[in-house]
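> Fit chain B to the given chain A structure using the hints.
Protein chains: 2
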Amino acid sequence: MRNKTVTSAPAIILVRPQLGENIGAAARAMKNFGLSDLRIVAPRDGWPNEKAETMAAGAEDIIAQARIYPDLPAALADTHRLYAATARRRELRKPALTPRELAGALHSADAALKTALMFGPERSGLENDEVALADGLIHIPTAPFSSLNLAQSVVVCAYELWAGQQEAQPDTSLSAHTPPAAPDDPPATKEELGGLFEHLERELDTGGYFRTEGIRPHMIRNLRSLLTRASLTSLEVQSLRGVVRSLAEGRPGFSRPDS
Amino acid sequence: MRNKTVTSAPAIILVRPQLGENIGAAARAMKNFGLSDLRIVAPRDGWPNEKAETMAAGAEDIIAQARIYPDLPAALADTHRLYAATARRRELRKPALTPRELAGALHSADAALKTALMFGPERSGLENDEVALADGLIHIPTAPFSSLNLAQSVVVCAYELWAGQQEAQPDTSLSAHTPPAAPDDPPATKEELGGLFEHLERELDTGGYFRTEGIRPHMIRNLRSLLTRASLTSLEVQSLRGVVRSLAEGRPGFSRPDS
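Going down the list, the protein sequences come from chains A and B. Going by our numbering, the first residue of the first sequence is number 9, and it counts up by one from there. Going by our numbering, the first residue of the second sequence is number 9, and it counts up by one from there.
There could be a bad hint or two in this list.
Remember, identical chains collapse to one label, so a pair may be satisfied in a single copy or spanning two.
As the list claims (entries may be wrong) - In silico SDA-like pairs for lysine to any residue, Cα to Cα no more than 20 angstroms straight-line: (1) Lys122 <-> Ser239; (2) Lys59 <-> Arg131; (3) Lys59 <-> Ser155.
No lab work stands behind these hints: they were computed from the structure. Keep in mind the model is a prediction, meaning the values are calculated, not measured.
Bound-form chain A, shown alone (with noise of 0.2 angstroms):
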């Protein structure tokens, strides 16, 4: 049996943010509601950010330990579970949780497990494929023809996450998305899931398995994307990568690689 105490504070993960004011008030926002972890994946206008400091206010530490990292498998490489906060409808197939909701799925996960959350950059949000390798998306319920800024998003989020601790939260059905690993087996971290889909996708160019170059992403961005939904284990994603070695070790051209 595991322990379902106190979940460990998610990562907050700013991908390619545009403007240092909005990194700012998400510190800002983080430090009122108890979360620290801040990761920025490329910030448009370099680091540091004058005007990310600025407008911390009060949560100047947060931007002094945040990490900045060249892209997003770097920064979520250490993490387990991964949402992404995006404001349109995709058609990849996640479970999509409001703020509410997912506070409650954070509190009856496992605290061992490392989470982050991600809100895509101010003007475009989040690429497809940055979508594929989250394990659910958050859909913040607004009105209509309107879209909340990315502060504002970080804000509703992290403040559901604050309010939903204060509170002894119900489980939620996203519990039945993640179910609980062995304690000898625990999950697989976001890295081990990397090296399964480059090994997998490297296996598949040699193979020839994509047609056309053009099919390609949007193939790789499926693959990504149910793998991510399978909440796979350490000890399945070596499992995994065994059956890629072995499925590709008859083919003509094949190598064995070093792992």
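Chain B in isolation, oriented as in the chain A frame:
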């Protein structure tokens, strides 16, 4: 019997806001969560404000329709229920609600009541004299030693009202605080209540009730606060004015007021 259907959308009153950016961000948050009645009391940088328009991004209509007032009583004259967002504890005896409890209270309130939520200036927050006019306080739960900025506070409140409208909310304790008025005796507007305050205080001044000028503001604040807490109806306000008139009538120096 009175209807308990859809609550009329509350007005948002920004009291002496300093930064146009925050006015714009508040307008954007309102738009996202189905609110449109923005009232601004004595904005520091005047009106119109270019930065407010820029930050509104999609909520220009809210900015264009915003009404500007020289003082708070003018801004809330037509309202029946007023809630003050405040981070500090106040010595005034007022019911304090979280944004979620506020959503529940508004949901179960009479739709004919015009409600307003007011937010103070960025640096200092609302004055005690302003808070005294409120029927209830809004406390946004945050981590210790933190403070939300003005626009973020509006985001959280507007979000909760919207989320509360989407899911049926149970009645909360505040419905006890707000006894339903009879159909032929509607709740007093804040303008009517303000008329009572002025009438009473004028008579108290005439009678030398306030021993020293130093003690006057504090005593007035407490009087206004307790009269507000009574959730008076229109008829009750008239009755109380009759009481004040009657008590004052025989005094030396009394002259019958016009109203």
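> Evaluate each hint against the coordinates.
Results of checking the hints against the structure:
| no. | hint | in the structure |
| --- | --- | --- |
| 1 | Lys122 <-> Ser239 | within (13 angstroms within a copy, 49 angstroms between copies) |
| 2 | Lys59 <-> Arg131 | both (18 angstroms within a copy, 19 angstroms between copies) |
| 3 | Lys59 <-> Ser155 | between (23 angstroms within a copy, 19 angstroms between copies) |
Checked against the numbered hints given earlier, the structure satisfies every one of them.
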